[in-house]
Structure formats: C-alpha cells, structure tokens
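Visitor: With chain A fixed as given, assemble chain B onto it according to the hints.
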Amino acid sequence: MAEIITVTQLNNRAKTILGQNPSVQSIWVEGEISNLKNYNGNYYFVLKDADSQVSSVLFRSGRSRMDFEPQDSLKVSAFGSVSLYTPRGQFQFVAETMRRSGVGDLYRQFELLKAKLEKEGLFDPSRKRPLPKYPRRIGVVTSEQGAVIHDIITTSATRFPADIVLAPAQVQGEGAWKTIVHGIELLNRLGVDVIIVGRGGGSIEDLWPFNEEPVARAIAASAVPVVSAVGHETDFTIADFVADARAPTPTGASVLVLRDGKEIRDSLSAMSARVEGLLSGILDRKRSELRYLEGRIGLKQIEQELSMRELRLGSTFDRIRGLVESRMAVAKGSFKEVDSRLSPESALKDISRYLERLSSWDRIVRSQTSRACSQGRTRLSSVSDRPERAVLSVLEGYRFKTESVSAHLESVGPYSVLSRGYAIVSGGDGVLTSVRDIEIGGTINVTMRDGSVKATVQSKEEKK
Amino acid sequence: MRGFKEEVESMSFEQAMDALGGLVKELETGGTGLDQSIEIYEKAVILRDHCRKILEESERRIQKITETSEGLAIDDFKDA
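So the protein sequences, as listed, match chains A and B. Numbering follows the numbering used here, in which position 15 of the first sequence is assigned residue number 15; successive positions increment by one, without gaps. Numbers in the numbering used here are just positions in the second sequence, counted from 1, shifted up by 464.
Source of the hints: derived by calculation from the structure; they are not laboratory data. Hints are all accurate, no fakes.
Partial pick of chain A residues on the chain B-facing surface, computed with a CB cut under 7 Å:
1) 133
2) 165
3) 166
4) 272
5) 278
6) 279
Ideal placement from N, C-alpha and C gives every residue a C-beta, glycine not left out.
The following block holds chain A by itself, in its conformation from the complex:
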C-alpha cells in the first residue's frame, strides 16, 4: 500500500525535487513584468509571455544589483531559480537580479519614464531656471577622459572667464547613473553657479544612463541650473527634458553657459560710449544754454546798458546844474535889486555852497554809479542764473537815488524859500531888511515866488 503523507510533506518533497534539478536552478528567464507590487522593498510580480505566466519575487538585496527600476510592461531577463512556496504550494520564480531585454524595450521604457515625469510636471517650462549671466564657477559632470571636458575647456578659453570644476563620472554602462547623480550632488555641495551634464554621442545603450530616473530626479533637485549636453543634436534623453536648458553638443553647452568674451567687451564698450555720449550731450546742452544766456543778457549788452544809464545820469546832472545855475542867475538879478545892506557876499556864499554841494553830489553819485557798474559786472561774471535781474535791480536802485538827489537839490535851492511863503521886500535902494527904512505912504517892491508887487505902506510897527 502506498504511503500516506501530509500536504506539508508533499510540498516539501516537491520543493526539494525542484531545488535539486539544475535545469530550473540559476537560469535566465525572459518575460514581461506585470501585476508588480512592492512590499518593504521586495518586489512581487508576474512574469509572463504570450502563453504562460509564473509568480515571481525579487528581494530587496537583488534590487541593489540592478541599474533600473522594475516596471509593469517591462520586458526583462530575470536570473534566479524555481522554488515552491510551501504554505500555499505555490510554484514560483525567485529572481536574484534582472536586466532589461531588447533595444525596442529601451524605447518603450524611455516613453514610460518620460510620460511619468511629464505627468509629475518635471518638464514644465515654469520649472526652467534662467542661466546665470556671468557665472564665476561652472561645474561639469562628465567623463574625465572623454572629449567633452576637453571641448568645454577649449571653448571656454575665449569666453567669459569662469572657473571650471569637473566632477568625474562614468557616462555609460551599468551603474553609470550613480556616478552622474553623485557628481551633480557633489557640485551642489561645493557651490557652483551652473552645471553642465553631458557626454558625447553614442548608441541608445551608451546614452542610457541619462534616461535613468535617478539622474532625472537629481537634475530636478539641483539647487543651481543644469544644462544637459548629451550626444548629438538628434539625440534626446530624459535628462534633456528635465534640464533647465539643453545644449545640442558639449561645445554648445559652454557657448550657452559662458558668453562670448568679445561680445561682452563690445557691450561694455557700447555702454561706456553711451555714457560718454550722454554726458557730452548734456555738456553741449549746458554750453548752448550758457551761450543763450550770454546772448540775451551778455556782458556787452549789460555794459551798453550801464553806459547808457551813466550817460542819462550825467545829463540829468547837467540839467539839474543848469536849472540851479539859471535860478541862481535869476536870484542874483533879484539881489541887485535888494538893499546893499543885504550882503551880496553871503548870497554868493550860499550860491557857491549850493554849487559845491551840487558838485559833491555829482561826484558821489558818479562814483557810486561807476562802482555799481563794476559791481554789476563782477556780479554778472559770478552769477549763472539770470544775472541780468541782479544787475538791473542795482541800476534801478541808482536811478531812484538820482531822482531823489535831484528832488533834494531843488528843495534846498533859494527859490524854494519863496515857494514856502517868504518874500523879498525892496525899496528904491535895494532889499529892505528893517521897518525903519520904510516910510508910511512910501512905495515898496515885494518879490514873491511867481512875481512881484508894488505896495504902498499904510502903517508900520517896530518890534522893541
């Protein structure tokens, strides 16, 4: 009779048989991942092809040996062994590592990651940061040996002077993405103004590290703008989409990051020339303003004005003098009629005193006028703002003074005494100064401001 065994025994036996058969141990199995689940870093999924499927597991330790993230729909080659999960009697494939299979699948993977990151908004134009205008230090993540760093160094020689810091990275092959991510992080820690991430041209497999999600995320996380320069102009990688700017080639990247030295010098010269031009424009304007002022109230004109006023002043004095002298002559004529006791000397003294005073006024006013003229000229040369006003006001002051002097001279003249109500009394022998010389019934002449009368004396009274 056949032996009876438990379910556990059965499963254990099956497990042992499978484990001992090399045809299902340490083998590569190709299939497409589906129904992928991640529990605590362990991946559970179904590996399938057109006709069959098998439950599979990839433990966390296995993931660290891989350079890509397992995804649904991804076609992979999984390395591992078949086993049986005894509690459920489940046949399963335990993968130790996986690799992507087929280039066609790389394109697919590219499209998947691109769609995923795009959905996250990592490619948004609003995320793109402007590149610094004049970076002092640029970081470059690329291979130490490749042509990229050489091209960048050579190109930068004629451009804005910036330090270049290379963070050496492996740019192709397995694990290359890790060194690229590390390089971006190192340069961020060091502190650079902008980072160029790149490599030369190559196959899609060669460029693949720049399509890895961690590289895309490191670019997005960089504190400073990142310029991608991967492959040729026709090659597009995920890094290009995430980067703040894409350069078609590594040489193009240094052109993008560092402005042309000659261009900068030209714009600097243009700015200096602009400042000089503007300044000389301002100077020209000021000069013509000055010329305009000079033209309007120029020295010559002021001098003319001054000498005209001097002339007018002189003629005023001449007129005053003539007036006074003619009145003096009239007075002298009158004096001939007055009593001989009225001393003609004193009248003459008065007259000469008036004349003296007159000529001293003349001197004072003339000297003050000429001082005013010279002050006016001095002031003119020192004032820049409407100098004519100052000079004219000084002149105006002297005109006023001249008029008041003339009025004063008239007020102190001898005839003003008559106009104040006094009269000159004369008899046949001349000016009479005492009532004793007058007889009642006699005739006297009374000279007043505007003429004279002949009067008959009716009575007289002498002061005691």
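Guide: This is chain B only, laid out in the frame that chain A set:
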C-alpha cells in the same frame, strides 16, 4: 569717489555691469544736473575699468572635485 571705488572692487562682474546699466539709464532719463552727470560719468569709468579688469585679468582655474573619506577634494585638472 574713493568710497565708491572700494565698493566697486568687491562687486561681481554682473553687479558691476548692472550698476553700469543703471547709470546709463539714469543719464538717459535726463534731468540730472551737470555736477551729477559728471559724477555719474566718473562712476561709470570706475565700473567699466572694474569689468575690464575681471575680463582681462581673471585667471581661469580648471579643477576636479572628488569625494574622499576626508570629504571633498579639489585638485587642479590637467586636460589631456
């Protein structure tokens, strides 16, 4: 003006270029008196000279950064 010169010495190229651009704008706007205009011009000359100095006299360093057990290491990089 000496204070301004010292201030400019510590400016980056970009700061100096921006300052120069600002002065150009100030002059362009007009309304600056003669004394002020000349002062602006003098400042512009200082800024321009500073920019030229950075352009002509800067020494470009080419370096390499690596991470060692002692932290970041920066060495001169010789382009092969």
